[in-house]
Amino acid sequence: MRARLSVLLVLLSLTLGCWNRLELERRAIILGIGVDKVGEEIQLTAQIVKPAAVKGPGETGGEGKPFWVTTGTGRTLLAAVKDMATGSGRELLFSHMRVIVVGEDLARAGIGPVLDFFDRAAEGRRRTWLLVSKGEAKEILETNMELQKVSVEALTDLLKARTDHSEAPGIDIQQFQRFRSTPGRAPVAGWVYTAPSKEKGGPNRLHLRNSAIFRADKLIDYLDLTETRGLLWLTGQFKGGVTEIPCPDEDSKIFALENTRSESKLKVVKGDNGLPKLIATVFTEGNLSEAPECGDLTDPGFIKSLEQHQAEIIRTEIEATLSKARDLHADFLGFGEMIYRRFPMQWSRLEPDWEQTFPKLEVQIEVNAKIRRIGQTNEPAPVQSEIRTFRFTHAVPLAGPTYSQPAYPGQVIVPR
Amino acid sequence: MLEKGKISNRQAGWLLVNTILTTSILFLPSMIAREAKQDSWISIVAITLLGLLAALLITSLGKRYPRQSVIQYSRIILGKPLGTLVGLVFVLFFLYINSFVIREFSEFVLTLFLTKTPLVAVTIAIIFVSAYAVRSGLEVLARVNELILPIVLLMVILSLLLSLPDMDVHNLQPVLARGWFPVIKGAYPAAIFFAETSVMLMLIPFLKESKRATSAALKAVLVVGLFQLLVILGVTTQFGLEVARIKFPFLAMTRYISVFDIIERLEPTTMLVWVMGGFIKISVFFYCAVLSSAQLLNLKDYRPLVLPLAALLVLGSIVLWDNVLELSWQIARSIIPFFLSVEVGIPLLLLFLTRIRELRGRKI
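Same order as they appear, the protein sequences are chains S and F.
Residue numbers for the first sequence, in the numbering used here: 1 to 416.
Residue numbers for the second sequence, in the numbering used here: 417 to 780.
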């Protein structure tokens, strides 16, 4: 009897399903959403995959776009979601959402409500990328990319590859919210825009470049590429990218350096003007990948001078960012946070008036740039005729002012 | 004797760990962080010390009556009418705290996973399983726990390890910037969790070595304190001040996990910890409620009480609180003095009276 009952129970358990189960093909899987402000209403744009149209590599055909972009409007986000749901006729599934693109207008009005909605939702996940789009977010989601089937896929690919080019910060909801709640830190987010492709009449392309600057949850301005690089240098997010160093002799000749690694450190000390002083130390190393005919690459002294040059360039970039931050009175570099963490007592005095005080801070920047490798060749291949004609002149050392003097203390200058 | 089984001291310790750990991992970090902010971990250290004291108190009382539970010996200490009253308080306490845990359990499942399932369905499901475990007796419960606890602890460790890349120790700074008061205030709601060793008041008579109950209880509190400390450090270094805003930081942490884009969204680990640990916790309190009422009523067997009390618990867990806010408000504020006076206050009083009696006995 007992055995039979247990068999029955086991069998019974197989017949049970989930209370609110919903088969996969009855669901609309949302990969990314865009939120815009249209008039007084919120316009929600979702990119929904069409499973039937996403073909594997090698398969051809499929009708039209593999994704479907649909919109819904409402005064609140939930109303917009419901509006969208009635237009799609399926249960919307948000748990696979990877990107939230916020349109510029909405971002200026404040993105707090949007983040709150997704923070609160049962399926909300804080590792969802947050981007601000120039113009409408809808446009971003509607853009087709060549290599990826779905444009959200393109966005996430761009975000993942950002460490390759370091042109925008990669910020997800978690980081953004943490910035917002940390004293003395203005949030930033990646900036995305579309631009016509270079070839004539080509379709628009997505670009993830620059960064959006917030005060609390409101967009106030954005950083251009140089300033964004400064931001990434200072916050230790510059993981890879190119730094162009002009030849010491001739500005039109440019070395290209691939940065492979960078670190940054912020230190707070007492400043002269009674305010704290910040010392930012940036370290980076990289390899030379393109060299013009300039200098002797086999000479460690010359490499040293190039390193110094690079450090100077990085410093200029950081200074551009700094002056922007001062102009905006927005502490997106986290100086306040550093003071709060190290000297909480002092911070409690500074905090009420921080946005006014912040630009007066003294900031000392120290950059240490290293060139580790120069690639497979030593010097670039010379032009044949030049060799014949100028063989002797070439042997004369290119005694540019930059490396005839010691590039660093204790440098041995080899007479040629 | 109502319960014929015996459990080893180690099994009792494991039961305690699971009883205290499960709910505290999910609910405590946010509750503590509301007051203590980034110093939550100091609160945990402080409250673990207090938890050790409570465990010492509870077991040294229980050890004086190694063959009896608190329901029985409170009658000896206080006399029949008063002792019965104290017994009744304990019965009500076990029923109330269990309704509480069951409601917490269901609310968690409902908020995050089965959003459209009715409350009563989840509640009945968990009580049904627990009732079965309780009917099978303490020995069975202890052995099931020996299977479950390692899984629970492993899941916690796994989640923390996989979250390591997202942690930033700077979030712990500044330390004690606002002094000790917020730290103490943050530790306050944690007290009722760490005083849950009071279930030992019911379990001591069934230990193989009742005399050495103290070390089992102390070890259990230490293990809970350690894990709680690790979890608090994990979520604070990851979320910073956001911990106070997020209701279930541990869940948010497991959701945030992403290792090489391959291992993602590990919230099933949280679900596993919660359902398995919650089952043990509910069963332990259920067992205490059933056993204490049987002893209060001088029954020969506690089994007939299991189903009626199960029904009462379903009812209680649903009607006692209107919404999840009332629940969390109560646990963080109003209920604490009452729980503490039962968990620690009454044992302290009983121990005090026993000591006086012992001293007098020696004099005479």
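Each hint should be verified, as a subset may be incorrect.
[Claimed, not checked] Just some of the chain F residues that point at chain S, by a computed CB distance under 10 Å:
hint	residue
1	Asn425
2	Trp596
3	Leu657
4	Ile662
5	Glu683
6	Met687
[Claimed, not checked] The calculated DMTMM-like cross-link candidates involving lysine to aspartate or glutamate, where the alpha carbons are at most 25 Å apart (straight line), are:
hint	chain 1	residue 1	chain 2	residue 2
7	S	Lys160	F	Glu523
8	S	Lys82	S	Asp157
9	F	Lys663	F	Glu562
10	S	Lys267	S	Glu250
11	S	Lys267	F	Asp717
12	F	Lys663	S	Glu366
13	S	Lys267	F	Asp582
14	S	Lys218	S	Glu41
15	F	Lys532	S	Asp217
16	S	Lys304	S	Asp327
17	F	Lys453	S	Asp217
18	F	Lys453	S	Asp353
19	F	Lys420	F	Asp717
20	S	Lys138	S	Glu258
21	S	Lys198	S	Asp217
22	F	Lys663	S	Glu41
23	F	Lys453	S	Glu285
24	S	Lys239	F	Asp584
25	S	Lys370	S	Asp272
26	S	Lys304	S	Glu355
27	S	Lys239	F	Asp582
28	F	Lys663	S	Asp157
29	F	Lys453	S	Glu351
30	S	Lys160	F	Asp717
31	S	Lys160	F	Asp582
32	F	Lys532	S	Glu366
33	S	Lys239	F	Glu523
34	S	Lys218	S	Asp299
35	S	Lys160	F	Asp677
36	S	Lys50	F	Asp584
37	S	Lys277	S	Glu362
38	F	Lys635	F	Glu523
39	F	Lys453	S	Glu41
40	S	Lys277	F	Asp582
Read the hints as simulated data drawn from the structure, not as lab findings.
Predicted model, so just to flag it, every value in this text is computed and none were measured.
For every residue, glycine included, the Cβ atom is placed at its ideal position computed from N, Cα and C.
Open item on the list: Taking the earlier hints as the rules, which of them does this structure contradict?
Closed with: Hints 1, 2, 6, 7, 8, 9, 10, 11, 12, 15, 16, 20, 21, 22, 23, 25, 26, 28, 30, 32, 33, 34, 36, 38, 39, 40 contradicted; others consistent.
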